[in-house]
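Chemist: These protein sequence lines map, in sequence, to chains A and B.
Quick note: the working numbering has the first sequence finishing at residue 115, numbered continuously throughout.
Quick note: the working numbering has the second sequence finishing at residue 1242, numbered continuously throughout.
With a cut-off of at most 30 Å between alpha-carbon atoms, the simulated DSS-like pairs for lysine-lysine come out as follows:
(1) 1021/B / 1224/B
(2) 1119/B / 1214/B
(3) 41/A / 1153/B
(4) 1021/B / 69/A
(5) 1027/B / 113/A
(6) 69/A / 1026/B
(7) 1021/B / 15/A
(8) 57/A / 1026/B
(9) 1020/B / 111/A
(10) 1224/B / 1057/B
(11) 1148/B / 15/A
(12) 1207/B / 69/A
(13) 1057/B / 15/A
(14) 1026/B / 85/A
(15) 69/A / 1153/B
(16) 1153/B / 45/A
(17) 1026/B / 93/A
(18) 45/A / 1207/B
(19) 1206/B / 41/A
(20) 111/A / 1214/B
(21) 1020/B / 113/A
Think of the hints as simulated: they come from the structure by calculation, not from any bench.
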Amino acid sequence: MKRERQRYILFKIIKEPDIRFGQKEVINSIWQSIWRYFGMKIANKIGLWIINLNFEKEYGIIRCSHQTKYIIISALSLVQQINGKRVILSPLKTSGTIRSIIRIKNLIMNKNKRT
Amino acid sequence: MPYFESRLKVNIKDFDEIEKKLEFCKKLGIRNLILEPVNTFKQISFELREKIIHQTKLNIYFRYNLTPNSVNDFKNAIKNYNNFPYILSVESKDKEIQINAARDSRVDIVSFSDENILKTLSQGVISLTKQNNSFIEFSLAPIMVRNKALQSKNFRFLYKFIQLAYKSKANIIISGNFDELFDLRHPRSLLSICHSLLDIPLNSAKKIFMDNPKLLIEKIQNRKNNNSIESGIRLIKGGELN
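Please build the complete structure, drawing on both the sequences and the hints.
Modeler: As structure tokens, this is what we get:
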């Protein structure tokens, strides 16, 4: 069987400064969004996996199958709140390897630091 | 990549709010932004325009929206917008006004942003906008409602009418038009929603979010140039290209 290709998505977490939530709540809200907008037929093709979530630096990296890249981007964009608090999960960049997504993440973080 | 957020309403009397919205757009990574002053029919002053543009590194453009109540109202209002240096859009439920707006070369966008106005889109308006090289605008703001039943209804209407315009090969622009800060999304995310939920092919979705707003901006810049007759036709002096 041919190995399934993966995509790594880097996204930004935008929230009010004093609001805190955990990794479990983020993954639940992403799954809820997938279920709400795409249903079981698509949900079983996604292969969602959290690689990294950093609430201090406000970014996250998730992995999904390459066929469902746009579905995950839409699902992330359609998340409106976590635990009743307004939040935006804004996709920044997609990559085929974990190495390049981390390189891109570092570039973006350094650029943000400078500005 | 030059993605455009084609409509962000701002209250020009409240500069702090404008500043806040621009900062939020910057945080989201939006680079090209078309601002629409609300609650005013007057042109934005030169000083304020410069202040907004210099406030941020984003590329800021301006648009005005007319919401006439009758055809006469529209005809009277449009007289003041000859060679208007900004984008001019018209938004109305009335089909007669929509047809007049689509026919008028001074109107750049016929807007169907509101969910109630969206239902009134007809093939006639689409054909007229195509003839006139103007644009039809849809907005994704109605999908951000929290009520599931209302949201699915809005998705259905958006799907139906965007597909109607897309299949008729209309010049489409899709904007966010979100009122609340936390409803704002990067156009790249909106593109993805259009592709995965509204069945617009990826290349066409990219054209809608990148090329069409760019064409619109170029159209406005050509209008400012007195030597420009229409898109692609420009008067030159003695054969010189300056």
